[in-house]
Amino acid sequence: MSLLTRRRLLRRAAASATAAGVARAGLAGAVAAGIAASSTGLAGCDDAPDTAPGGAPDGPLRFPPDFGWGAATSAYQIEGAAKEDGRGESVWDTFSHTPGRTRNGDTGDVAADHYHRYAEDLDLMRDLGLRSYRFSISWPRVQADGSGKPNQRGLDFYRRLVDGLHERGIAPMATLFHWDLPQALQDTGGWENRDTAERFAEYADVMFRALGDRVPVWLTINEPKTVVQNGYIWGHHAPGQQDPGAAYLVAHHLQLAHGLAVRALRASGAGGRIGPALNLHPCYPADDTAEAATATRLYDGYENRLYLDSILKGAYPEDVLADLGPDSRMVRAVRDGDLAVISSPVDLLAVQYYTPIYVTGQGDTVRKWPTSEADWQQIYPEGMYDILTRVTRDYGRIPLTVTENGLPCPDRLAADGTVDDAGRIEFLRDHFTAAHRAIRDGVPLESYHVWSLLDNFEWAEGYEQRWGLVYVDYPTQRRVLKRSAHWYRTVIRDNGL
Numbered sequence: 001m002s003l004l005t006r007r008r009l010l011r012r013a014a015a016s017a018t019a020a021g022v023a024r025a026g027l028a029g030a031v032a033a034g035i036a037a038s039s040t041g042l043a044g045c046d047d048a049p050d051t052a053p054g055g056a057p058d059g060p061l062r063f064p065p066d067f068g069w070g071a072a073t074s075a076y077q078i079e080g081a082a083k084e085d086g087r088g089e090s091v092w093d094t095f096s097h098t099p100g101r102t103r104n105g106d107t108g109d110v111a112a113d114h115y116h117r118y119a120e121d122l123d124l125m126r127d128l129g130l131r132s133y134r135f136s137i138s139w140p141r142v143q144a145d146g147s148g149k150p151n152q153r154g155l156d157f158y159r160r161l162v163d164g165l166h167e168r169g170i171a172p173m174a175t176l177f178h179w180d181l182p183q184a185l186q187d188t189g190g191w192e193n194r195d196t197a198e199r200f201a202e203y204a205d206v207m208f209r210a211l212g213d214r215v216p217v218w219l220t221i222n223e224p225k226t227v228v229q230n231g232y233i234w235g236h237h238a239p240g241q242q243d244p245g246a247a248y249l250v251a252h253h254l255q256l257a258h259g260l261a262v263r264a265l266r267a268s269g270a271g272g273r274i275g276p277a278l279n280l281h282p283c284y285p286a287d288d289t290a291e292a293a294t295a296t297r298l299y300d301g302y303e304n305r306l307y308l309d310s311i312l313k314g315a316y317p318e319d320v321l322a323d324l325g326p327d328s329r330m331v332r333a334v335r336d337g338d339l340a341v342i343s344s345p346v347d348l349l350a351v352q353y354y355t356p357i358y359v360t361g362q363g364d365t366v367r368k369w370p371t372s373e374a375d376w377q378q379i380y381p382e383g384m385y386d387i388l389t390r391v392t393r394d395y396g397r398i399p400l401t402v403t404e405n406g407l408p409c410p411d412r413l414a415a416d417g418t419v420d421d422a423g424r425i426e427f428l429r430d431h432f433t434a435a436h437r438a439i440r441d442g443v444p445l446e447s448y449h450v451w452s453l454l455d456n457f458e459w460a461e462g463y464e465q466r467w468g469l470v471y472v473d474y475p476t477q478r479r480v481l482k483r484s485a486h487w488y489r490t491v492i493r494d495n496g497l
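Counting in full-length UniProt numbering, the sequence shown runs from 1 upward without gaps.
If you are wondering where the hints come from, they were derived from the structure by calculation, not from laboratory data. Ideal Cβ placement from N, Cα and C applies to all residues, glycine included. Accuracy of the hints is not assured; some may be wrong.
To be verified - DEER-style ranges, computed between Cβ atoms:
(1) Lys368 to Gly148: 46 to 56 Å
(2) Pro65 to Gly105: 47 to 57 Å
(3) Asp163 to Asp109: 22 to 32 Å
(4) Pro99 to Ile398: 14 to 24 Å
(5) Thr418 to Asp319: 45 to 55 Å
(6) Thr289 to Glu120: 47 to 57 Å
(7) Arg297 to Gly100: 15 to 25 Å
(8) Arg412 to Gly361: 22 to 32 Å
(9) Arg335 to Thr476: 16 to 26 Å
(10) Pro64 to Pro345: 34 to 44 Å
(11) Ala322 to Gly442: 49 to 59 Å
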């Protein structure tokens with residue numbers, strides 16, 4: 001990695017650290033950490049947010065028959081039961097228990113207590129009419145140390161969850177890795193260690209053989225970019241490092257782990273479809289200069305093409321490799337045959353969209369649109385259309401699923417027991433409309449999963465931000481359907497807007 005590249009990456013990290021909201025960003029859209037956050041975000045979600053062009057349609061919009069309306073969660077964010085039934089420690093247990101790492105010192109020890117309340121949550125999904133549920137499996141709940149004989153109690157929990165989904169007519173979509181790496185593997189190098197990719201393939205094989213006949217769709221790695229950027233450049237996420245040289249070595253090993261898991265599914269004979277879950281952010285020049293266009297192209301390389309090209313084209317983007325330099329740890333780590341593994345054919349691509357990125361001629365980022373409570377998140381529904389159509393245009397007609405899209409609101413439980421989050425409804429309506437237009441223009445989009453089903457532990461933000469369709473009263477763990485949940489139930493029933 002060149003000194004110039006290292007300085008630029010660290011400058012982005014330093015810029016992000018000056019904005020408190022961005023510095024604690026919960027999801028990988030925090031790549032917009034260089035945003036000039038001088039003005040405030042939305043005052044609240046009880047009012048409809050001001051958004052960019054692309055609002056509600058003039059007439060009814062109907063989605064394709066059998067469109068997979070769903071919602072999404074992840075294990076560490078909702079399960080709790082952190083020390084029960086043989087579960088091992090994860091990097092997020094370590095990180096959240098380290099003073100100063102999370103807002104208010106919050107941890108996922110209890111979270112939304114889904115481990116004990118999963119049946120109640122399944123009933124909520126049924127009552128909402130969900131057709132698909134995207135969840136993640138806790139690797140340390142299945143293999144406490146990240147390898148070896150699986151923990152039967154952990155496997156049994158996921159069997160009960162999957163069986164419960166089928167009983168309620170909801171299709172399971174299981175994510176193998178949503179950031180909760182077993183701490184024992186981190187202690188031996190974590191994702192900097194190539195061996196971790198091999199251990200992941202073994203864990204994936206355990207899950208395929210345990211649940212393969214019951215899970216129609218598997219997702220391998222959730223948002224590798226977030227692990228790279230938040231975990232290894234900025235240090236805002238586990239494992240909390242600030243080492244750009246390590247970051248892109250980690251990127252390669254995460255991509256390798258993905259490819260090995262794809263091959264493990266094929267070898268297991270379990271059936272089912274498989275693909276990665278990538279958070280993709282459309283990158284736009286901040287102005288009309290040639291310098292901004294050039295900088296935007298490279299920024300897009302780090303944001304999107306590094307992951308898309310290696311999986312779908314079998315090559316890392318040349319401009320990114322050149323920028324990293326031939327002596328970078330990532331470039332030196334790529335072995336013969338690695339990209340063939342990484343590009344093992346997948347059945348679908350999961351797209352997660354939260355924010356656009358606007359790039360200046362100097363390679364910095366600026367804000368163009370209002371933000372949500374997460375001030376890294378610019379509200380720009382047209383970005384959903386742009387990223388979906390871009391994937392289809394550049395990579396062919398691979399089936400797509402939206403596996404995360406949503407925003408946090410300052411939701412409060414009213415005296416009458418309701419939660420009025422009108423702004424979330426407007427946000428989702430505008431993004432659904434953009435997705436519908438993409439389908440109309442030829443994008444093979446199969447399903448859409450709102451983030452998130454439940455209020456939950458929002459990573460470094462702790463319990464400060466609420467992203468759910470369902471309000472969770474943490475002291476009592478009572479669930480309350482928000483206004484957006486009732487609205488979404490109607491969208492599902494009508495299969496459109």
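Comparing the hints with the structure gives:
In this structure, Lys368 and Gly148 meet the distance hint of 46 to 56 Å, their C-beta atoms being roughly 50 Å apart. Here the CB-CB span from Pro65 to Gly105 is close to 48 Å, well matched to the stated 47 to 57 Å. Restraint check, Asp163 to Asp109: a C-beta distance of roughly 27 Å satisfies the suggested window 22 to 32 Å. Separated by about 44 Å at the C-beta atoms, Pro99 and Ile398 break the suggested range of 14 to 24 Å.
A hinted range of 45 to 55 Å holds for the C-beta pair Thr418 and Asp319, which are about 51 Å apart. For the pair Thr289 and Glu120, the beta carbons lie near 55 Å from each other, so the given range of 47 to 57 Å is met. Range check, Arg297 to Gly100: about 37 Å between beta-carbon atoms, so the 15 to 25 Å window is missed. Range check, Arg412 to Gly361: Cβ separation about 43 Å, and the 22 to 32 Å hint is violated.
For the pair Arg335 and Thr476, the beta carbons lie near 53 Å from each other, so the given range of 16 to 26 Å is not met. Checked against the hint of 34 to 44 Å, the C-beta distance between Pro64 and Pro345 comes to roughly 24 Å, which is inconsistent with it. The supplied range of 49 to 59 Å is broken by Ala322 and Gly442, whose beta-carbon atoms lie about 33 Å from each other.
Of the numbered hints given earlier, the model fails hints 4, 7, 8, 9, 10 and 11; all others are met.
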